[in-house]
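Residue numbers (the UniProt record's numbering), protein chains in the order written: chain A, 1 to 451; chain C, 1 to 451; chain Y, 1 to 451; chain W, 1 to 112; chain L, 1 to 112; chain R, 1 to 112.
Please note that the accuracy of each hint is not assured.
Straight-line distance between alpha carbons at most 30 Å, and here's what the computed BS3-like set of lysine-lysine pairs gives [as the list claims (entries may be wrong)]: (1) Y/230 / Y/301; (2) R/40 / A/301; (3) A/230 / A/301; (4) W/34 / L/34; (5) A/423 / A/351; (6) C/230 / C/301; (7) Y/301 / W/40; (8) Y/230 / C/423; (9) Y/230 / Y/423; (10) C/230 / W/40; (11) R/40 / W/34; (12) A/230 / L/40; (13) W/34 / L/40; (14) A/301 / A/351; (15) W/40 / Y/351; (16) C/423 / C/230; (17) C/230 / C/351; (18) C/423 / C/351; (19) A/301 / Y/230.
It is worth saying that the hints were derived from the structure and are not from the lab. None of these values were measured; they are calculated from a predicted model.
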Amino acid sequence: MKLPTGLAIAAGTTFFAALPAWAQDAALQAPAAAAPAATVDKGDTAWMMISTVLVLAMILPGLALFYGGLARAKNMLSVMTQIGAVACLAMLIWVIYGYSLAFGPESALPSKFIAGFGKAFLAGVTPASQAATFTAGVEIPEYVFICFQMTFAAITIALVLGSVVERIKFSAVMLFALVWLTIVYFPIAHMVWATGGWFFDMGALDFAGGTVVHINAGVSALVLAMLIGKRIGYPTERMAPHSLTLTMVGTGLLWVGWFGFNAGSALEANGSAALAMINTFVATASAGLFWMLAERFSGHKGSALGFCSGIIAGLVAVTPAAGNSGPFGAIVLGAVASIVCYFAVTVLKPKLGYDDSLDAFGIHGVGGMVGAIGTAIVYAPSLGGPGAADYDMGAKLGVQLLAVVVTIAWAAIGTTIAFFIAKAVTGGRVSPEVEIEGLDLGEHGERAYNY
Amino acid sequence: MKLPTGLAIAAGTTFFAALPAWAQDAALQAPAAAAPAATVDKGDTAWMMISTVLVLAMILPGLALFYGGLARAKNMLSVMTQIGAVACLAMLIWVIYGYSLAFGPESALPSKFIAGFGKAFLAGVTPASQAATFTAGVEIPEYVFICFQMTFAAITIALVLGSVVERIKFSAVMLFALVWLTIVYFPIAHMVWATGGWFFDMGALDFAGGTVVHINAGVSALVLAMLIGKRIGYPTERMAPHSLTLTMVGTGLLWVGWFGFNAGSALEANGSAALAMINTFVATASAGLFWMLAERFSGHKGSALGFCSGIIAGLVAVTPAAGNSGPFGAIVLGAVASIVCYFAVTVLKPKLGYDDSLDAFGIHGVGGMVGAIGTAIVYAPSLGGPGAADYDMGAKLGVQLLAVVVTIAWAAIGTTIAFFIAKAVTGGRVSPEVEIEGLDLGEHGERAYNY
Amino acid sequence: MKLPTGLAIAAGTTFFAALPAWAQDAALQAPAAAAPAATVDKGDTAWMMISTVLVLAMILPGLALFYGGLARAKNMLSVMTQIGAVACLAMLIWVIYGYSLAFGPESALPSKFIAGFGKAFLAGVTPASQAATFTAGVEIPEYVFICFQMTFAAITIALVLGSVVERIKFSAVMLFALVWLTIVYFPIAHMVWATGGWFFDMGALDFAGGTVVHINAGVSALVLAMLIGKRIGYPTERMAPHSLTLTMVGTGLLWVGWFGFNAGSALEANGSAALAMINTFVATASAGLFWMLAERFSGHKGSALGFCSGIIAGLVAVTPAAGNSGPFGAIVLGAVASIVCYFAVTVLKPKLGYDDSLDAFGIHGVGGMVGAIGTAIVYAPSLGGPGAADYDMGAKLGVQLLAVVVTIAWAAIGTTIAFFIAKAVTGGRVSPEVEIEGLDLGEHGERAYNY
Amino acid sequence: MKLVIAIIKPFKLDDVREALTEVGVAGMTVTEVKGFGRQKGQTEIYRGAEYSTNMVPKIKIEIVCASDVAPRVVEAVQASANTGAIGDGKIFVLDVGQAVRIRTGETDETAL
Amino acid sequence: MKLVIAIIKPFKLDDVREALTEVGVAGMTVTEVKGFGRQKGQTEIYRGAEYSTNMVPKIKIEIVCASDVAPRVVEAVQASANTGAIGDGKIFVLDVGQAVRIRTGETDETAL
Amino acid sequence: MKLVIAIIKPFKLDDVREALTEVGVAGMTVTEVKGFGRQKGQTEIYRGAEYSTNMVPKIKIEIVCASDVAPRVVEAVQASANTGAIGDGKIFVLDVGQAVRIRTGETDETAL
Ligand SMILES: Nc1ncnc2c1ncn2[C@@H]1O[C@H](COP(=O)(O)OP(=O)(O)O)[C@@H](O)[C@H]1O
Ligand SMILES: Nc1ncnc2c1ncn2[C@@H]1O[C@H](COP(=O)(O)OP(=O)(O)O)[C@@H](O)[C@H]1O
Ligand SMILES: Nc1ncnc2c1ncn2[C@@H]1O[C@H](COP(=O)(O)OP(=O)(O)O)[C@@H](O)[C@H]1O
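Modelling step: build the complete structure from the supplied sequences, incorporating the hints.
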């Protein structure tokens, strides 16, 4: 049995992901007397509920604005609606079978890769059910855990769309999302976060979902972009972002919401969450400034979009490292991720010639990989990280690399399958007329702006 | 004495609204030993403070953007300022006499309908005062309760304006708000939420204010729209939303903030709040997608505005049901509300010919009624709801219907009175010149956009 | 030793700022038995983490939108990027040496004005470190305290820019920020908030940073505006805000976030935070409406920008008073601040002829002074404030005045030094060509809008 | 052929277009413009900064038509755009030497 | 000199500009306009309110050139803006009496 | 009557309008346009995608005036819009056959 419900298991030890148990904190916060059953602290519950809300804010309006501002005005509503609608779809299938596949009880399926349908339709979950945290004896209401994880599924599929907006059909998006979540997201979430999951058992470090969310979304986005082809006119035609103002607003909201994502991933309101919080501040601040510096060193002006891109790259990179690094490790990680993503987006992409409309791969994929691998480095106590004194960086690097490679392969194959199913049923791509006139009018019958 | 202040009553039993006491939760979370006096848990306080802030975010910027984006550019500032200003006014009169009338001690007034002036100017309230929750022995700081409820009053009056923007005078709005809050909102809030209130004593189910907020606002909006008359040019002239982008942003912020509204209405950070949270996720997700499906089945394109409208309809419908339903009941409720509102807005409204500018009635009024009545259904344990085994759906349906009908009548009469007072003093409606040129220039001397 | 870390000092008494200890609350919430060591309540931790996130939301997107909307379209990205980038810079130097200088251990430096470098690079801070609150025996994770205070430094320097946007170079902004934070912000933060700090020891009342943040930023902004000179074309050319819609959104986000700022400054989720919350609601509501009334009484239309300006003026004025006033004192304070700022901005500024682009001085500086002095008045128990029965208003007024005057002088001198350093290195001001064409193109090579 | 340029009040566009359809004009091109003239713009105030624009939003309609149709076009516009208030706008008529329909290459009056 | 006015589809602007450069036209002025004509606009629906605009976004290009160059300009525009579909637009040619370059005060053909 | 079309730099609008008022021009119509010409636009870069627009924002002013006033109008514009830098713009003068004031029906020079 994986997630204790109703009757929480007293001896519940560290349950999910790859996080040191902050024994010192636990000591401070746990009730002094031996707790015969796991207890729920309302402070944790409050923190996890607000964290969940913050992740929703990352999607709508956050990501919708970040991505939407980068699109052309004629596709604005299409971008926002696709993001909103796949998020809704993800929420529904999450409660129907997604949560069960990722975090449900074992079943006949190979439990290394996936759980079973035992909690389909949230069978057996009540307001009194509890889910474990990383601290023995401390639990949170299971509904809260379900909601928190639900928002992760929702944002991940929304991120993928960044590479194919401005040309993919709304119906194709919906069908793709359904298949992709089922065959790519739920298994990888299980592998990373559930006891018995492959990466989890390997001891891969992924505090808040660098692998599951960012590498996964980024690689899927790249594959999808190559499968669907370039936008008409790319790269010769002017396709400047229609509103960097909105992109900047989206960036701010993403940063704000990301504290729910990263510090919320501690599952408690404790010192681990606090560490994740400070790292999420400074890695991001560093990355924002370093992208602008990279631009200056490349002979260009430091740009607003560069600043925003750096912020996101930093947030992505610090995601797996949030509770697995000291603040100064995080600063370096943010800077490195920013510079690497800068080159991926401005040098690599034009060279390889694929059309990743909004750089979902260039920032989430590449930044995610830098973060996943960098986490093994900044985790070292010698670099201010929380690793134990006998931390073996080489071994951990191997584990991280393996997780990254498997994720890449899984995402690439799953995306290909999902795309061809979506294409077969819906056609996949809008007609050239609709693409030229804009998806807002062609797909939704509306204009974003009527001044 | 109603709201315990200073010295909380130890035996404080379920105090306000219509919510089962989640005995199991209480058992888990209450201190094991017999508590001689009610205690305040800082986790609850934190959750209620952030919930309060979330409801403010629903008003400004949430609703201001949602409504403003739907208006024409020439009226944008007028819409936003009217919303902001009535919210401010509501806050001031709330602390002066509103809180007292709704939640104050009994007085000579008929306490079924209204409390008295005993807490006018928050008499006797100090930082140490406490207010009861639904769990015996658990309380929150009274100032927090006052703030939380204050935001409800503020958003409700703001919602009403949706039907009359683009033509109502700013001064008329302010005077109308003053009278309406006094004779409509405070009494209905008392009836629904305060011990001794009529609906409360009847056992009407209204978790977070479907009756008080949405039916009330929606019906008042309808009456107000009919009293003030149509906009010049309606319905022949093009009156397309000036920025669906902003409406989409507002939608996202409303969804985000609504967790404060719905899950905050549990008054504690517990399993009940968690249930309200998951329901608010899935009902809304379902409603967002079902509106788009309704459009497709009606032979149109699924639209961005449809998605947004569905989201709001779902949020409205799940408001009374938030803690009174299981997740799958909520999904169905969202879908039904979405479809019903779709027809109200696209078929009924044109047929009846009234000009509800931003569909305050079509979505909040209609969605609120679907929610209020549907709550009696999804509450049934057989449908996954939290009702007791011997739940009598027929009886509860009768109670809900009665509450709805009384609210409709009360709102309609009160709105009529408030409007005629406002009209007599201020004239009510702007001149045709101002209406044509736009209320931004005519009423405020500004333009929203100077590119 | 100032901030207890790791091993919290059990006898830790009121540690930082100028706040009465709410003895009654403490009595209710502290564990009944004598606590041998300070404990961390997860409810406090949750509240302080979300408060921190709220303050970030005030900067990006809040202030970026508020200020950006007031600028001309051609400078939009410049405004937003300058705000974002100085905030990032502030975060980085905060963890490097700022936190240490403000809150670190005493050193050879005169500890009345500044702490030392003992906590540079957050030396010795771990996830288990704790920081004191205003209640003996109650602490919060030190990382949370560091993050919370970090956002204060970040927003303060961002506020300063309001007077010089549309003409100051990006590089000058960055260098100015570095020097200004070091020689102005860190010392004043130390003086106001750290034990042993000058104002702190004087007993100056400043709940959430009226002196440190607003007077400081406002005065610095004024001096900076005079040093850098007027914008080309000021005041004859039309320089209307390019999007009051965005300014209104920013206003809403600032209000929302300000609850983290003000109620978060209680450092606990308790009755003091609740009092700060209700005051932040009603002072602001009052100020928003009173600015519009001031416009009406001056013979103009009540305006949307007036409403927004009033909201900010109210928020600024209630900042020092948040936990130091009763709600009705706060209402009066908001009204007075609003009216005074109205005259500062519409009468005084044109008369004196300086070009404070976005009225950083007129609102933050002037509003901050009204708040700082007004706090001494509304603190009086006779006016509903929380002062003791023998409160000596005259004496406190003297203390407040002294703090204000010293802050003004310190800010003015420090700003002058910082500006001349920035000017010497970077040139300070963009060329007239760039200023006319807009800083977005000239400094960043982008346009904010491509419709 | 003639080019008839009409500067009108924005909210009159629908009326004018209908009037033109009635006299048989099938095509026209519309531009958003700002007009200076006798009509005064609104005064705007932003935190005490007062701007009296003198610039009033207007709509410019351009219609190319056969020379003999032009008088009727002018008349139709003048009748339909008229409110009697200052700022109703102007109509100017210019000569057009040649017209081409891009799609077909047809020229002159058959191109309209 | 002639003023050539071309109303074209927006996405054809780059093609037309290139074609004009080839015939030696160095300057032109571009305006975003709305066109009414045979081409029908999209139908938009907002919560049941249906708007069929009839107004289609177009680009207006204005080129002043020497009279003898005008035919080649017209030809170049017609060839490059043509898609064969309704709504490709129109070209109109008017006489210009005088041209001045503001910077130098040069007049007529040297001013272009 | 003449139609004077001036393409100028946006920030020169106020100067030009004042100059025109001095020569007695009471009305004019202003349009935001984009200009191609000798003046090069800024280079913009968005995540490595470089766009050199060649399109520069300009203001087009249209003034209809009596033929004898036209030279003074041209002169006033040329003097006031001049900065001496590339891109200052052009002035074109065309013949106008007829003018009507919509409000009153007055025609020709009294209509201006
Ligand atoms: N001489 C002119 N040349 C070009 N456009 C003009 C001229 N005079 C007026 N207009 C345009 O006509 C509009 C209406 O003119 P105005 O003088 O305000 O009112 P009226 O035409 O009723 O006298 C102006 O806003 C301007 O766009
Ligand atoms: N008589 C006219 N006067 C001015 N502009 C016109 C006229 N007729 C058409 N136009 C412009 O030309 C555009 C294309 O015309 P349309 O009739 O739609 O297609 P086509 O030119 O292919 O027949 C219109 O959108 C309008 O802007
Ligand atoms: N032949 C032309 N026809 C129409 N407009 C032109 C022509 N040549 C230039 N223009 C307009 O005049 C503006 C200024 O011209 P440009 O060649 O850049 O500078 P200058 O006039 O100083 O030589 C252009 O941006 C364009 O709007």
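| Has the given pair, residue 40 of chain W with residue 351 of chain Y, been kept, meaning a C-alpha gap of at most 30 Å? | With a Cα-Cα distance of about 28 Å, the restraint between residue 40 of chain W and residue 351 of chain Y holds, given a limit of 30 Å.
| said: Next pair to validate is residue 423 of chain C with residue 230 of chain C; report whether the Cα-Cα distance is within 30 Å. | reply: Holds: residue 423 of chain C and residue 230 of chain C sit about 16 Å apart, inside 30 Å.
| query | Does residue 351 of chain C lie within 30 Å of residue 423 of chain C when you go C-alpha to C-alpha? | reply | Status holds; Cα separation ~27 Å.
| Does the structure keep residue 301 of chain A and residue 351 of chain A at a Cα separation of 30 Å or less? | holds, 22 Å
| request: Verify the proposed pairing of residue 230 of chain C with residue 351 of chain C, using a straight-line Cα cut of 30 Å. | output: Holds, at about 14 Å.
| said: Checking one constraint from the list: CA of residue 230 of chain C to CA of residue 301 of chain C, max 30 Å. Satisfied? | reply: holds, 28 Å
| Restraint status (C-alpha distance of residue 423 of chain A to residue 351 of chain A at most 30 Å) | Since the Cα atoms of residue 423 of chain A and residue 351 of chain A sit roughly 27 Å apart, the hinted pair holds (cutoff 30 Å).
| CA of residue 34 of chain W to CA of residue 34 of chain L, is that 30 Å or under? | Distance ~16 Å between residue 34 of chain W and residue 34 of chain L Cα, so the pair holds.
| Does the alpha-carbon distance linking residue 301 of chain A and residue 230 of chain Y stay inside the 30 Å limit? | Since the Cα atoms of residue 301 of chain A and residue 230 of chain Y sit roughly 25 Å apart, the hinted pair holds (cutoff 30 Å).
| message | For a C-alpha distance cap of 30 Å, please report whether residue 40 of chain R and residue 301 of chain A respect it. | response | This hinted pair holds, its Cα atoms lying about 18 Å apart.
| message | Next pair to validate is residue 230 of chain Y with residue 423 of chain C; report whether the Cα-Cα distance is within 30 Å. | response | violated, 47 Å
| said: Check whether the Cα positions of residue 40 of chain R and residue 34 of chain W lie no farther apart than 30 Å. | reply: holds, 26 Å
Hint 8 from the list above is the single one not met by this structure.
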